[in-house]
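With chain A held as given, fit chain B onto it using these hints.
Chains as they are written, first to last, in this note's numbering: chain A, 20 to 136; chain B, 911 to 1020.
Simulated from the structure, these hints should not be mistaken for lab results. Hints are not guaranteed to be accurate.
[Claimed, not checked] The calculated lysine-lysine pairs, modelled on DSSO-like cross-linking and capped at a C-alpha distance of 27 Å, are:
1. B:Lys980 - A:Lys63
2. A:Lys63 - A:Lys81
3. B:Lys977 - B:Lys966
4. A:Lys46 - A:Lys81
5. B:Lys977 - A:Lys46
6. A:Lys90 - A:Lys46
[What the hints assert, rightly or not] Restraint ranges, calculated between C-beta atoms of paired labels, are given here:
7. B:Lys978 - A:Ser77: 28 to 34 Å
8. B:Leu918 - A:Glu71: 46 to 52 Å
9. B:Lys978 - A:Asn26: 42 to 48 Å
10. B:Met965 - A:Arg34: 36 to 42 Å
11. B:Lys978 - A:Ile74: 44 to 50 Å
12. B:Ser927 - A:Pro89: 43 to 49 Å
[To be verified] From chain B, some residues computed to sit far from chain A (all C-beta separations above 12 Å):
13. Leu920
14. Arg970
15. Lys980
16. Ser1002
17. Gly1011
18. Val1018
The C-beta atom is built at its ideal place from N, Cα and C for all residues, glycine as well.
Each chain is listed here by its residues.
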Amino acid sequence: NAGVMQNPRHLVRRRGQEARLRCSPMKGHSHVYWYRQLPEEGLKFMVYLQKENIIDESGMPKERFSAEFPKEGPSILRIQQVVRGDSAAYFCASSRTGTDDSNQPQHFGDGTRLSIL
Amino acid sequence: GEDVEQSLFLSVREGDSSVINCTYTDSSSTYLYWYKQEPGAGLQLLTYIFSNMDMKQDQRLTVLLNKKDKHLSLRIADTQTGDSAIYFCAESRPGQNFVFGPGTRLSVLP
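Just chain A, with the same shape it has in the complex (with noise of 0.2 Å):
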């Protein structure tokens, strides 16, 4: 029984280029979380989604990024013209059911640890 993906463990990427990070959530999971996590601090949320909606951005930057979560295939967070501030590791997690049932614990990935040259 697999738990939540994430591909890949470590990402490299030049000032201007873009970064897409890929999130699998576990077996019968439907919602999907990403938060940032700078060194040595707490994790920040990002954005949460279900199938094919965005339900709450509000942790997401305006400008540069985007996520989505198509009926088929992984979650993606995806980063245009990354600058040196967005190395961190970017986690994703998922739940069966969503935020209305605070009863239902999220569960995280290994993470994506991008760097910026």
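Chain B in isolation, oriented as in the chain A frame:
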């Protein structure tokens, strides 16, 4: 505000008990969670407690909740070197996203 607060560092000797504390601000929080993050890994769900409970025990882990003071603690009995990690407290409220604390870095000394 919606901050969840934790002390950032804790050191204990192997075999001793560790107590990691967390305070939250929203009395409508329904579930409170403890996650463990080892170096280079994601967050592993350790345990969680419903807000109408005072205590929950699971093997070496004991969670205590003081709802009046909005204070949550995680006690690890007989702490081992493998318990060295960052421990995150998180709260959830219906219709809202999880709010995580900054994490407590636990160091277990031999």
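Taking the hints in turn, this is what the structure says about them:
1. Pair hint lysine 980 of chain B plus lysine 63 of chain A holds up; C-alpha atoms about 21 Å apart against a cutoff of 27 Å.
2. Distance restraint check for lysine 63 of chain A and lysine 81 of chain A: the Cα-Cα separation of roughly 15 Å lies within the 27 Å cut-off, and the hinted pair is therefore satisfied.
3. Between the alpha carbons of lysine 977 of chain B and lysine 966 of chain B the distance comes to roughly 14 Å, so the proposed pair stays at or under 27 Å and holds.
4. For the given pair, lysine 46 of chain A sits about 30 Å from lysine 81 of chain A by alpha-carbon distance, which is inconsistent with the 27 Å threshold.
5. The suggested pairing of lysine 977 of chain B with lysine 46 of chain A is violated, with an alpha-carbon distance near 34 Å, which exceeds 27 Å.
6. Distance hint between lysine 90 of chain A and lysine 46 of chain A is fulfilled; the C-alpha atoms sit about 14 Å from each other, no more than 27 Å.
7. The hinted window of 28 to 34 Å between lysine 978 of chain B and serine 77 of chain A holds, with their beta carbons roughly 30 Å apart.
8. Look at leucine 918 of chain B against glutamate 71 of chain A: about 40 Å separates their beta carbons, and that is not inside 46 to 52 Å.
9. The beta-carbon spacing between lysine 978 of chain B and asparagine 26 of chain A, approximately 45 Å, falls within the hinted interval of 42 to 48 Å.
10. Taken as a hint, the range 36 to 42 Å is violated for the pair methionine 965 of chain B and arginine 34 of chain A, whose Cβ atoms sit roughly 51 Å apart.
11. Look at lysine 978 of chain B against isoleucine 74 of chain A: about 33 Å separates their beta carbons, and that is not inside 44 to 50 Å.
12. At roughly 47 Å, the beta carbons of serine 927 of chain B and proline 89 of chain A sit within the given window of 43 to 49 Å.
13. With a cut of 12 Å on Cβ distances, leucine 920 of chain B stays outside the contact zone with chain A, its closest approach being about 15 Å.
14. Every Cβ of chain A is farther than 12 Å from the Cβ of arginine 970 of chain B; the closest lies at roughly 20 Å, confirming the non-interface assignment.
15. Once the 12 Å rule is applied to beta carbons, lysine 980 of chain B is consistent with being away from chain A; the minimum gap is 16 Å.
16. Distance check for serine 1002 of chain B against chain A: the nearest CB is about 4 Å away, which does not clear 12 Å, and the non-interface claim fails.
17. Consistency note on glycine 1011 of chain B: stated as away from chain A, yet its beta-carbon is not over 12 Å from all of that chain's, at 6 Å minimum.
18. With a least CB separation of 19 Å from chain A, valine 1018 of chain B remains clear of the 12 Å interface cut-off, as annotated.
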